[in-house]
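Read off the chains here:
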Amino acid sequence: MKTKLANHMLLIVGAVIMIVPFIWMILTSLKSFSETMQVPPTIFPEEFKFENYLNVFASVDFLKYYANTIFLTLGRTLVQLFLCSLAAFAFARMNFPGKNTIFILILSVLMVPMQVILIPNYGILTQLGWIDTFYALIVPGMFSAFGVFLLRQFFMGIPKELDEAATMDGCSFFGIYWRIILPNATPALIALGIFTILASWNDFLWPLIMTSSEDMRVLSVGIAAFQGQYSTDYPLLMAGAVMSTIPMLIMFIFLQKHLVTGIALQGVRR
Amino acid sequence: MSTVTVSNKSKSNTIVKSKKKKFSREALWAYLFIAPTLLGLATFYMFPAVASFLLSFTRWDGMTAPTYVGLENVITLFQDSSFIRAIMNTLIFTAVSVPLSAGFATVIAIMLNQKIKGMVFYRTLYFLPVVTMPVAVGMVWKWLYNTDYGLINYVLGVFNLPQPSWLFDPNIALFSVILVYVWMTVGNNVILILAGLQGVSKTYYEAAQIDGATKVRQFFSITLPLITPTLFFVFITGMISSLQVFDLIFIMIGDSTALLEPLRTVVYAVYEYGFEYSQMGIASAQAFLLFIAILAITIVQFVLQKKWVHYDG
Chain B
1 MKTKLANHML
11 LIVGAVIMIV
21 PFIWMILTSL
31 KSFSETMQVP
41 PTIFPEEFKF
51 ENYLNVFASV
61 DFLKYYANTI
71 FLTLGRTLVQ
81 LFLCSLAAFA
91 FARMNFPGKN
101 TIFILILSVL
111 MVPMQVILIP
121 NYGILTQLGW
131 IDTFYALIVP
141 GMFSAFGVFL
151 LRQFFMGIPK
161 ELDEAATMDG
171 CSFFGIYWRI
181 ILPNATPALI
191 ALGIFTILAS
201 WNDFLWPLIM
211 TSSEDMRVLS
221 VGIAAFQGQY
231 STDYPLLMAG
241 AVMSTIPMLI
251 MFIFLQKHLV
261 TGIALQGVRR
Chain L
1 MSTVTVSNKS
11 KSNTIVKSKK
21 KKFSREALWA
31 YLFIAPTLLG
41 LATFYMFPAV
51 ASFLLSFTRW
61 DGMTAPTYVG
71 LENVITLFQD
81 SSFIRAIMNT
91 LIFTAVSVPL
101 SAGFATVIAI
111 MLNQKIKGMV
121 FYRTLYFLPV
131 VTMPVAVGMV
141 WKWLYNTDYG
151 LINYVLGVFN
161 LPQPSWLFDP
171 NIALFSVILV
181 YVWMTVGNNV
191 ILILAGLQGV
201 SKTYYEAAQI
211 DGATKVRQFF
221 SITLPLITPT
231 LFFVFITGMI
241 SSLQVFDLIF
251 IMIGDSTALL
261 EPLRTVVYAV
271 YEYGFEYSQM
281 GIASAQAFLL
291 FIAILAITIV
301 QFVLQKKWVH
311 YDG
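Residue numbers (our numbering), protein chains in the order written: chain B, 1 to 270; chain L, 1 to 313.
Keep in mind the hints are simulated off the structure, nothing from the lab.
Heads up, incomplete: computed chain B residues facing chain L, CB under 7 Å, no partners named:
1. Ile19
2. Pro21
3. Val109
4. Pro113
5. Ile119
6. Leu205
7. Ser220
8. Ala264
Even glycine gets a Cβ: it sits at the ideal position worked out from N, Cα and C.
Using the sequences plus the hints, can you model the full thing?
So, in structure tokens, the structure goes:
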């Protein structure tokens, strides 16, 4: 009983440390600029300045940042789910010469860190004329070694009897993939989908380097540039930060069961 | 007689033929399914990884053709005190943040594993920072850390505690950012360790209780050894990502040149050389040196795991 109480006390202290920055972000976003420059600081806004949010849209083309980020996230995620699952199906269910060699080659990509491929990619995308376009933002992110690996592991666990029956009925390879494997792999597809959505939405270094015009800015690059312009106007900056993070926070709260399962799977499987 | 043999032969022939044909058709379809991913990975990941290695030996501005300079870049870098400092910053960042994050996560996960009420509620709160855009996290903490108007120093002042200038004192700036990074990553580790804890069989504890082992004793001789494979995974993945920290550092430095020395990490240096000074050869060498360091540290971890990781649970 005593230990339970002590546990709760400690967990609450931790939870407060986790949540206070979010609360402070929201409270600051509703204060006036002069109020944030007071010593000692006020906790609650003296007057709720909801117009800070409108001011963000007035100062920069925030709607465009939103649209760009949504386009980038959807583009990468949908194509990645399709291409990764297709390749994973071949590795999990089909026989062909060179299967293991190709699989190991794909796995080797997992070891290469982002910053190593950054500079040559800048060269490649320049050659293709893709710098500062959606192609640069989306196309390289459509391929994922991690996704192939994760889905292949899951597909291997789907009972073989299911597709053998379908083969008897004269189902094509694509048919087996589409009608048998995919419907039976929704947990893995959802987990990969959430991982890709999060990584794409929050991605910063890649869009920072591969785009330069304001028209191509995504939210992360947008609010970073915003910080450069209005470095001390914290109500405005916090309003921008709130609006950039809220979609992912909402997604997490609704889909947390799937995300938690996905993360736990990685650690246990290895 | 002979006609029978012929028909039999032709029959078996067609079976072999169709089987062979089916196999090659299967292979063709498989290649077709793999081709887009393999081509994409080859173009944007495998080829660049090799190119990065080769570019390390060149002088290149990103526009004109690169010129071969041998080991000049590497020699320059090891004589450059600000790059050495960036390596030190990166190593300190990793050496402090990963154990801190794993340690806090272990304590939190053990508390959450006690059939506690509101487990999902706590887990949600601890995980929120993980899904938050790192750029936004950096902005919020920069504001919390503000020497004069920040919430943290206000609270410290209320309790009459010293009020450091978190980001602008060069001696503690890096540690201030490390704290933010721990705050950002702890939730992810909590979930991994919680999954590891839930895999520990209850029978071990029942046996320990019969033997009269205390809770503390149970933790050190049962729980901890059995979750070492999970902790190993947490350490490996944590180190690989913290050695590449960039977003948080970029935001914390902002436009203050005074923060460059105390906060610059290797990936930040890659960004500076590659995309601010257009010295892509040097930037490639920096990136590749970091890659080698990551590989080396990972290999050392795998070698050392025999000393502390138990896989017999």
